[in-house]
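K.L.:
Residue-level listing of the chains:
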Amino acid sequence: MRRLRIGLTLRIVAVLVVLGVAAFPLYWMLVTALSSNADLFAERPRLLPDFSQLGVFVEGLGDGKVAGWLLNSLLIAAGTTVLSIGLGIPLGYALSRFSFRGKALLTLVLLFTQMLPEALMVVPLFSLFRRFNLLDSLGGLILANVAFVLPIVALILKGAIDGIPRELEEAARVDGARPLAVLTRVNVPLIAPSIAATAVISFFHAWNEYVFAVTFIFTPEKQPASVGIANFIGELGTPIQTVMAVAFMFTLPAVAFYLFAQKYVVAGMTAGAVKG
Amino acid sequence: MTLLEQTKVPRSATRRRRSPLGSRWTPYLFLAPAALFVLVFQAIPLAQEIFLSFTRTTLLNPTRGRWVGLDNFVRIFGDEDFHRTLVTTFVYVIVCVVGAVGSGLAVALLLNRGFRGRGIARALITVPWAAPGIAVALIATWMLNAQYGIVNRFLNAVGLGVPGGAILDSPKYALPAVLATTIWQLFPFTSVVLLSALQSVPHDLTEAATMDGAGRWATFRVVTWQVIKPVVGLLALLMTIWSLRRFELIWLMTKGGPVGRTETLVIDLYAQAFESKELGSAAAIGMVGVVISLIVITGSRLVARAVAKENP
Amino acid sequence: MKKHRVRRSIVATSSIIGVAALLLGGCTADGGADGGVAKITFAASTFGDPGRGPLLTQWLEEFNKSQSEVQVTAAAVPYPTFGQTVLTQMGSGQGPDLIRFDMPEFEAASDAGLVAPLDDLVDVGKYTLLKQPDQFLVHDGVRHGIIFEASNYAMFYNADLIPKPPTTYEEFTATAKSLTKGDVFGLAFRQTEAEEAGVWQDIFNYVYGFGGKWSDGKNLTINSPDNLKGLQAYKDLYDAKVIPRGADAATFRRMFAEGKVGMELNNGGYVTATRGQNPNLKFSVAPIPFPVRSQGAILAPIVVNEASEEKEAAATFIRWALEPANQVKLQEILGASSVATVTERSAASLTKTPFLPVFDGLTESSLPQIVLGFEAKTPDIRKVVVQNVIAALQGQVDLKTALDRAQQQATELVK
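Protein chains in written order, with the UniProt record's numbering: chain A, 1 to 276; chain B, 1 to 312; chain C, 1 to 415.
Some hints here could point you the wrong way.
[To be verified] Below, simulated SDA-like cross-link-like pairs (lysine to any residue); rule was C-alpha separation at most 20 Å, straight line:
(1) Lys263(A) - Asn112(B)
(2) Lys377(C) - Thr58(B)
(3) Lys65(A) - Thr57(C)
(4) Lys181(C) - Asn156(B)
(5) Lys172(B) - Tyr238(C)
(6) Lys103(A) - Thr26(B)
(7) Lys65(C) - Asn326(C)
(8) Lys415(C) - Lys172(B)
(9) Lys241(C) - Pro171(B)
(10) Lys103(A) - Arg301(B)
(11) Lys263(A) - Gly119(B)
(12) Lys241(C) - Arg56(B)
[Said to hold, decoys possible] Some chain C residues close to chain A (C-beta under 8 Å, calculated; not the full set):
(13) Gly36
(14) Thr88
(15) Glu171
(16) Ala174
(17) Ser178
(18) Asp216
(19) Lys260
(20) Pro324
(21) Ala325
(22) Asn326
(23) Gln327
Hints are computed from structural coordinates only; laboratory data are not their basis.
A virtual CB, placed ideally from N, CA and C, is assigned to each residue, including glycine.
Take the sequences, apply the hints, and build the full model.
P.N.:
Right, dumping it as structure tokens:
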């Protein structure tokens, strides 16, 4: 009995330690944002947030610049999500339900693209975008992001469609429904959880994306938050409190969205998902 | 359905018959938009990059490259700094894989026992994975700041301070610091995936093993490990690919410094392209990375196939 | 069946949004003239500086008010990524119409033919340009830029901590050492690879202040004995722990403004920014007390992008900026820097900033931070030198070996 209790206590302590390690950096972001200059540069650091400094968040949002960044990030992420799912569902369906020439090759190509680093593709994509007049536009950035998440979205959705019995489609086909209608009426509702998972994955990818955004966007007003925030590093004069406040505002929606959608994501991740 | 299984080539030959789902063009209609997308935004740029790797091209005049054959490859392979980059990449990948999978497994085993608040605990530990890489780099840099960083202050307080203070500027400690940050961001992912794998371990099997008098370790080895092995394999592959690709975190924390100690292939490639403005050698470095990834993928498929043959 | 229709409309909507995104991408990347007004952009890292940035933007507004056919907007590209961002754009025939460059990037860009020759666009004979800085902007008789800002390096010191500024190198190190205690550091300079351009600016003063130079005009002299002496001084100060190690410029300048750093070698452009961070800080400026009176200067030319479709409009802006009244205003905004032409310091600014003549007195002995004779290769040489010097700082190799290695690698590069 006693040994059991010690084991239990140890386990609780271990769980708490893990939680502390996981959460501390975000907590520290908040504490730093909410520190006065005196506390920040003092010899002993302040360990608790100083809520009298909450004004830093207002200040950070003050000139509309940060709000603009966050809005751009939101637009890019939403566009990427919609487009990659719109293209990924038919592709996943084709890979799951049909046998056709080049299927093996296509599957391999999709897998292969998962290994290409963005940094490698940034130069050729830059010249491609220049030709199509896609530089310095949120639309161009969306296209670049979709190119990178589409393969994994399609592969996850293929896996989900694989799990749907073909008999269900047969019934619809007897009703005379055409292939596209079968897909949208029968399969899409059944794979909704996987669609949700891929939505989260694409949204995250685009929300976090940095390399393309920093290279393809020139106009400061079109910058997403990832670039705006990264530019704080080494920029003269922006107080660290503001930097951390903005970074916190950038992190919070992602974490909140993630916690909200976690049920689906875990399912998607376990199904061989890739965050990208 | 895992990534490994998906890599298996479909046995279309045995199933080639007229699809009952429409005409033989139907599949192409479904996949055309997406395939076109992948072609335009992945295949063509990649082909262009392959071409670039055989040229001497400057960022300042990207359309006017000069064909130099294998020069770029000869040069990078003759460069000691590149050898160091390869070693660093290797170390970075190995430690990331072992660290992320190992810590993930430990945390998963910890959370696998039922206790009150497990749901909340599970949600909370996923926070690092959900945090954007940029924000992570920013807070990590600040926490590691030589004067005011909490990590240094703590280390100094307990008498373990890094001589000189600046962890990210120390050739000895920069890579460990970047690795720790990377693993911090990855362990939630591995632990959540492993946790759901653990939950699929049949209860009666572990119980039976315990009844037979097997110790905890033996039970784990004989029962649990056998069930989660494929998932561990998949995670190891994913971690390898991600680590080979990882850019933002390292770039924003150290830019590959100090003295190249955190320079992985991707960092080197980016610095070559945008700092040294040598698009040709950047592309050549990229090709080395692509070949390494190909070897990893092929190798993992071979391993998976061998394992499948052993226990059918 | 109604349910199905809803679903179908969802699919239809999402595909429409997808197509819209594609179209959106195609349509938003234009610019240039509309309605007879030429719209140009002016990229400069200084637009993001605390204190000076907003004033410079106001100065641009004055130009816009004075014009009916040209409108200029400011693009604040952050300093750490400025060269990379702007050069990438210019290399592919894009980018802002007007650019304020630092010298290394200016040299690389003009060598690659990315900068428009100004001879036909601006008649410089009409203005009395400051000769010393201006001579570096003409290559083989072709003018590629006009000085936007020229700023000499001097020693900034906290007047509360240091009543009497050091006048020799020995006093300098002694002061740095005696001030360093607790959370206060005697000195600060850049010493991390992440700030390559900044380290180059900082070590330049040590090399030239000890009689060294990067080249004799024909050959690189990176490992010359005088360079070694200067860089040894830099390393000694690093080793003496009188600087906040690992702190980047953003951090240690903030520390200087908070009174946590005693001295800093910096350029005149930073006077306004320091006041912006802490108006109550008592600081002053003296010449750098190194054996040889020779130091770096930030020369920042304004140039016209060769790829610009509005070169004439861009030149209109430069001509406006060169008008005497606008030069005076620009100088007041920039602080202790000088501008393209000879201007008088106003009595008011002399009262507010009594040390202005210190900066002006250094103009003759100040040099742009480029490698003479190898101007266009400066960014590459800079990378090699900085990496090797930092390797020595970090104790990886001794300084002599590091400089020998830098010399050899850089010679390889410029071959």
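K.L.:
All hints are to be evaluated individually against the structure, with a verdict given for each.
P.N.:
Results of checking the hints against the structure:
no., hint, in the structure
1, Lys263(A) - Asn112(B), "holds (17 Å)"
2, Lys377(C) - Thr58(B), "holds (13 Å)"
3, Lys65(A) - Thr57(C), "holds (16 Å)"
4, Lys181(C) - Asn156(B), "holds (16 Å)"
5, Lys172(B) - Tyr238(C), "holds (18 Å)"
6, Lys103(A) - Thr26(B), "holds (13 Å)"
7, Lys65(C) - Asn326(C), "holds (13 Å)"
8, Lys415(C) - Lys172(B), "violated (34 Å)"
9, Lys241(C) - Pro171(B), "holds (18 Å)"
10, Lys103(A) - Arg301(B), "holds (18 Å)"
11, Lys263(A) - Gly119(B), "holds (11 Å)"
12, Lys241(C) - Arg56(B), "violated (44 Å)"
13, Gly36, "violated (23 Å)"
14, Thr88, "holds (6 Å)"
15, Glu171, "violated (27 Å)"
16, Ala174, "violated (25 Å)"
17, Ser178, "violated (19 Å)"
18, Asp216, "violated (34 Å)"
19, Lys260, "holds (6 Å)"
20, Pro324, "violated (30 Å)"
21, Ala325, "violated (29 Å)"
22, Asn326, "violated (25 Å)"
23, Gln327, "violated (25 Å)"
When each numbered hint is compared with the structure, violations occur for hints 8, 12, 13, 15, 16, 17, 18, 20, 21, 22, 23.
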